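Order-wise, the sequence lines are chains A and B. Position one of the first sequence corresponds to residue 469 (our numbering), numbered consecutively onward. Position one of the second sequence corresponds to residue 469 (our numbering), numbered consecutively onward.
No lab work stands behind these hints, which were simulated from the structure alone. No incorrect hints appear here.
Treat identical chains as interchangeable: a pair holds within one or across any two.
Under the rule of at most 30 angstroms between Cα atoms (straight-line distance), these lysine-lysine pairs were calculated in the DSS-like manner:
id: 1; residue 1: Lys489; residue 2: Lys725
id: 2; residue 1: Lys489; residue 2: Lys721
id: 3; residue 1: Lys693; residue 2: Lys555
id: 4; residue 1: Lys697; residue 2: Lys797
id: 5; residue 1: Lys472; residue 2: Lys721
All values reported here derive from a predicted model rather than from experimental measurement.
Protein chains: 2
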Amino acid sequence: MEKKYLFSPGPTMLPPEVLLKMAEPIMHHREPEFEKIFEEVREGLRYLFQTKNEVLIFTSSGTGAMEGAVSNILAKGDKALVVRGGKFGERWGEICQAYGIEFIPIDVPWGRAVHPSQIEEILRSTPGIRAVYTQASETSTGVKHPIQEIAQIVRKYEEVVLVVDAITGIGVFNLPMDEWGIDVLVSGSQKALMLPPGLSFVALSDKAWKAVERSDLPKYYFNFKKELKSAQKNQSSFTPAISLIVGLRESLKLIRKEGLENVFLRHQKLAEATRAAVRALGLELYAPESPSEAVTAVKVPEGISGQKLKNMFFERFGITVAGGQDQAKGKIIRIAHLGYYERLDMIMVISALEMLLKEMGYAFELGSGVKAAEEVLIGLR
Amino acid sequence: MEKKYLFSPGPTMLPPEVLLKMAEPIMHHREPEFEKIFEEVREGLRYLFQTKNEVLIFTSSGTGAMEGAVSNILAKGDKALVVRGGKFGERWGEICQAYGIEFIPIDVPWGRAVHPSQIEEILRSTPGIRAVYTQASETSTGVKHPIQEIAQIVRKYEEVVLVVDAITGIGVFNLPMDEWGIDVLVSGSQKALMLPPGLSFVALSDKAWKAVERSDLPKYYFNFKKELKSAQKNQSSFTPAISLIVGLRESLKLIRKEGLENVFLRHQKLAEATRAAVRALGLELYAPESPSEAVTAVKVPEGISGQKLKNMFFERFGITVAGGQDQAKGKIIRIAHLGYYERLDMIMVISALEMLLKEMGYAFELGSGVKAAEEVLIGLR
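Given only the sequences and the hints, what does the whole structure look like? Please build it.
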């Protein structure tokens, strides 16, 4: 018997109630019935983003909303500060480059979080910076950046907005946008939102909307002002991915029902259990100091190929885990726990890891990883 | 009992086999299983577009690929010629404007097709034009533009590419890209492809790929060169709308099984039957000279509100038809017949139209529209 399991940091496994809703006959996006769904979804997204402002919805990968967070926020001649601590940090730089925006990179070693003082120093010494681009959770390394501390610094600069890619952060750990003063918060559907890929989201603070007013970079499909006007009429500017929005209503309901605090606690415990298991197996974390609750990056032990381990997960157990990208290729595997995951899911993947490592000749006591995870998870509900 | 029917020119009704495929648990887009699907889809799209070249897939509305057909094809200082005969023609102009591209519009009266000689004249007299932008089927007016004739003209100009929005053309009527010399052909998923909205497609001729080489407009998410490289590895550059691509494989299979020629013939007959019915009811076509096989635009008779008629379709029969947009608002209704539609679907919508018109006080012989449609459809299979 073959079963398949996703433990990749997007796409993630989907609740059956979401899958079934999306299989219903398609409705028209200009009918009142869909507008009601759209209104409900807008409200649910504001709850999820912890903001009073509008959360815009685009039909695209998360990268589309990231591009919009450059082309709508900056103007010709502006400078940007980019935190580059992994593949997605690099993406901010690539987008700036595509639009001819000069950027100052902070190159954080992979596996480490940025230090807020680095941002403060550059903002103080470099005139002309109009935006700081960072990740909340850098998916390629499993690192969580200190967003609250960064926001405290950036809010002191009246002309600088803080743009946070929270594609694997939103719905995983606490990122209260309004409270912390995050100016632009980006997310995507195929992560903690428990949906297939195809939708991206972005919310803007009042300060960020002011930046939009002076932006003169070209944009059409990802036009934030146009999309805001449409959203306020419970519409999208262009035909949206209707079935995904219908699914989104369901997944937002699930999140609402569980409650954001419980959602965050669940992710924290799953991450803790995974890290405890990894350490009990004598393995090293790739991001030991500031690990994200979205995904745990594990160093593959000496003598074992990360690529082979990843492949064996799939061949032997039908499990998709992620490998390392670029400089981490072959050196790590990444086990995700964001979205539709609960305690026993993690027990499964840890057990599979144990069996595979043992077969591959790595020495440890079989069952010790699962035991460590159980010690974290016992008594929870 | 309430049943719902879509007769809007996108989204259109979906085959149950496509809906069910999309409800299966999501797979990971970097697994060999998905790459196999991607390869099959690439092949099916080449068949549908009648091209030997690659058909790129983006996760977006059709408008996203339209934007890419400006930002990847033109360079700063280039001029464009834009056929504006409806809302979607205007969109080409808006996109050019967003990118600072000077364009010469040909303003065709709504309901009429562009005359190829108008294009020839402007190309001859205006230096610096690098692209002609048009629709194959202008969804807002129900007009079909003479693409073969336009292509014959444009191919004489070595530096000019012909860009055709075939969002409601592909899979509806014959647009053999390579044979006719169409340089850029754009489409979307929620039309004849029988899928939910969320995917856009674009194919380029060798001449168009040369234009891409000199393009210097900013682009990131809709980057054709980058996407081509990914596609050749059976990948997309960014996480694609996986469930829609899985559905796409099914719908391409259905099209393959029916055969393109039969698909075109079916649409032609459904359109003919609809037009015959409309005329038999004493109503006027909005685009009598060059009607599209995708959608039939019908003038609402004097004294009847188009908006009210459209609303009654939904309230009384659960049918979504489209109304008129902008200058045609309230004056027309549009009945679509592209995608998953067959003979009896048209009988239903024509019958509903008859019953509604009669109730609204319009004088005609009940049943005469259906009769005229039957005369076209009888004996077909």
